[in-house]
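Student: Protein sequences appear in the order of chains A and B. Sequential numbering from 1 applies to the first sequence in the numbering used here. Sequential numbering from 1001 applies to the second sequence in the numbering used here.
Calculated from the structure, these hints are not laboratory results. Hints may contain errors.
With beta-carbon atoms standing in for the labels, derived distance ranges [to be verified]:
(1) Thr243(A) - Leu1260(B): 24 to 34 angstroms
(2) Asp249(A) - Ser1198(B): 41 to 51 angstroms
(3) Ala1211(B) - Ala47(A): 27 to 37 angstroms
(4) Glu1124(B) - His152(A): 28 to 38 angstroms
Only pairs whose alpha carbons sit at most 30 angstroms apart, straight line, appear in this in silico DSSO-like list of lysine-lysine [as the list claims (entries may be wrong)]:
(5) Lys278(A) - Lys1225(B)
(6) Lys1100(B) - Lys51(A)
(7) Lys278(A) - Lys1231(B)
(8) Lys240(A) - Lys1223(B)
(9) Lys102(A) - Lys1181(B)
(10) Lys1225(B) - Lys191(A)
(11) Lys1099(B) - Lys102(A)
(12) Lys116(A) - Lys1054(B)
(13) Lys116(A) - Lys1231(B)
(14) Lys1084(B) - Lys116(A)
(15) Lys1225(B) - Lys1185(B)
(16) Lys240(A) - Lys1235(B)
(17) Lys240(A) - Lys1225(B)
(18) Lys1181(B) - Lys1280(B)
(19) Lys102(A) - Lys1054(B)
(20) Lys1225(B) - Lys167(A)
(21) Lys51(A) - Lys1084(B)
(22) Lys1188(B) - Lys1280(B)
(23) Lys1223(B) - Lys167(A)
(24) Lys1235(B) - Lys1181(B)
(25) Lys67(A) - Lys1188(B)
(26) Lys167(A) - Lys1235(B)
(27) Lys191(A) - Lys1128(B)
(28) Lys54(A) - Lys1231(B)
Keep in mind the model is a prediction, meaning the values are calculated, not measured. Ideal Cβ positions, reconstructed from N, Cα and C, are used throughout, including at glycine.
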Amino acid sequence: MEQTNTLCQDGESKGGVLAHLERLETGVDRSRKQCEELQSAQAVGSALATKIHKLRCLRDKLRAEVKQRQARVKASIANVEPAQTVEISEQEVLEKKQENVKAILQAYRFTGLSGKLTSRGVCVCISTAFEGNLLDSYFVDLVIQKPLQIHHHSVPVFIPLEEIAAKYLQTDIQHFLFTLCEYLSAYSGRKYQADQLQSDFAAFLVGPLQRNSLCNLLSFTYKVDPRDQAFLFCARLLYKDLTVTLPTDVTVTCQGTEALSTSWEEQRAAHEILFCTKPLHQVFSSFAKKREMLNMSLVS
Amino acid sequence: MDAELAEVRALQAEIAALRRACEEPLAPWEETSRVQKSFREIYQSDSEGWKSSKDLRSHLGHLESELSFLSTLTGINISNYSMKTEDLTSTEMTEKSIKKVVQRHRLSGNCHMVTFQLEFQILEIQNKERLSSVTTDLNIIMEPTECSELSEFVSRAEERRDLFMFFRSLHFFVEWFEYRKRTFKHFKEKYPDTVHLSEGASSHCMGIRSASRPGFELLIIWKIKIDEEGKVSPKLDLLTKVPRRALELDKNRVIETAPLSFRTLLGVLGIEAALESLIKLFCTEENN
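Only chain A is shown next, with the shape it has when bound in the complex (with noise of 0.2 angstroms):
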């Protein structure tokens, strides 16, 4: 397929190389659109079989951990002699129940809620977490007593407690911890990824990340290719919903020159699907990887 060439300046050579990475970049992109294609329809298929063999292997492991407690009962049972009658300590079985009661409190932190008895009430601790990395924690001191109040706390100005506390502190706590939650937790990933962004992207970066302190609204401008300074996309997200991690609405603008081909026209609402669907580190990700893939295919 022929492309026309907006950026021939002098002579045919120019054109030509730019044009030739243009059909490779949209050759790549094609390739890799298919494959997805099919990858995905696989993986459907093929995902549940591999979750059919992990059941299976974990069943089976369980299995065989049930025999052998029960060959260890059997062999017990051939040890003890009938007539020895052994008086289980009181103390003993009052540490075990209290190791046990220990342990599940302590478990209580994986559930991303946690709370401790205070004086006055309880403190009840947020931790957030994403893509399975554990996050800042936050907590909230309440006093309980008609009405329940809040003492103090660490959550962020910018996020709306008060609203929330308003609305189900007193009818509903659960519900006014785990909404509480949710705004946390999607606050942390939103940070966790334009921290991402700056520190092992910088290098697709021109000029710095624009962000709000609720992480909601940012703003860069972007190059695909680190040493190509010719094309500069413009990115503006909005994360209007404050419980989520993906944005709402996204804008890519194209710097630079004036008329865009057709295949940089492409780009840039690729650009924009992808920021909507995919994490804002994990988008930058893939582009390092299609450069890679392209540098790959231009050398071989």
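Place chain B on chain A using the hints.
Tutor: Same frame as chain A, now just chain B:
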């Protein structure tokens, strides 16, 4: 596809039963010989943590009330928890003061009528600057296994390896589930002859029909959906069943547009009032 899904469910149920069997306390005679041993060990050691039975009992009571308070506060009841740690630090890592540990956790409990069993792995890497903690594997089994709405969100949580999202979504899911059950039950009690819950109050459909209008039926489908971010929301639809003759007489296409109108009605009146208004349609004649 169906056969495979059925196999998945059967496997999950078997795994849940096997896990329970593993968690059962050991046979008394095995327990006593272990207890004897540890009793001797403690008696022989110089532990300062030696409490009198009375102190221990009161401390235990305090811990148990803290546990029951947490359970009430969060709505999540954890009944069992165990952990195994494996140290993966190599000698090179120790030289650079890096510590690498894998934790294998097993947690089970329930949130109202839903019981869960989780098995997950956390990889902790500690270097000079900070401690990073990543969930590297997550396996979830939930009961009741037949609840299809739940299995969708289990796979999502497992994919994202997001424990917190799992518990958050679980809470909101159960909230909606209980609300739907209460609402259906309420209408069944208020209009026993008009409202029909063919699959029980816990199911996702409610039928509206009356003996005085044979052949006509409204079916409310109320599903609880979980999206990619783990957000839980209700999705209500209306299905209509009318005799062909009525369809022919329906010049204004009311039946055809009913599902859409229902959505609008929901937006205006909210769920309860919208459902009640539909039920009353079938009741008016009877009340005359």
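Student: Measure nothing beyond the straight line between the CA atoms of Lys1225(B) and Lys1185(B); if it is 30 angstroms or shorter, mark the hint as holding.
Tutor: holds, 21 angstroms
Student: Determine whether the Cβ-Cβ distance between Thr243(A) and Leu1260(B) falls within the hinted range of 24 to 34 angstroms.
Tutor: holds, 28 angstroms
Student: Below or equal to 30 angstroms on CA atoms is what counts here, so check Lys1188(B) against Lys1280(B).
Tutor: holds, 13 angstroms
Student: Between the alpha carbons of Lys240(A) and Lys1223(B), is the straight-line distance 30 angstroms or under?
Tutor: Given pair Lys240(A), Lys1223(B) holds - Cα atoms ~26 angstroms apart, limit 30 angstroms.
Student: Given the hint that Lys1181(B) pairs with Lys1280(B), does the C-alpha gap stay at or below 30 angstroms?
Tutor: holds, 20 angstroms
Student: Is the gap between the beta carbons of Ala1211(B) and Ala47(A) within 27 to 37 angstroms?
Tutor: violated, 48 angstroms
Student: Given the hint that Lys67(A) pairs with Lys1188(B), test it: the Cα-Cα distance must not exceed 30 angstroms.
Tutor: This hinted pair is violated, its Cα atoms lying about 49 angstroms apart.
Student: Would you mind confirming whether the straight-line C-alpha gap from Lys116(A) to Lys1231(B) stays at or under 30 angstroms?
Tutor: Given that 30 angstroms is the threshold and the Cα spacing comes to 28 angstroms, the pair holds.
Student: Straight-line Cα separation of Lys240(A) and Lys1225(B) no greater than 30 angstroms?
Tutor: Distance ~21 angstroms between Lys240(A) and Lys1225(B) Cα, so the pair holds.
Student: Keeping to a limit of 30 angstroms between CA atoms, is the pair of Lys167(A) and Lys1235(B) held or broken?
Tutor: holds, 23 angstroms
Student: Starting from Lys1099(B), check that the Cα of Lys102(A) is at most 30 angstroms away, please.
Tutor: At roughly 26 angstroms apart (the allowed maximum being 30 angstroms), Lys102(A) and Lys1099(B) satisfy the hint.
Student: Is the Cα-Cα distance between Lys278(A) and Lys1231(B) 30 angstroms or less?
Tutor: Answer holds: Lys278(A) to Lys1231(B) is near 17 angstroms, not above 30 angstroms.
Consistency note: the structure conflicts with the earlier hints numbered 3, 9, 25.
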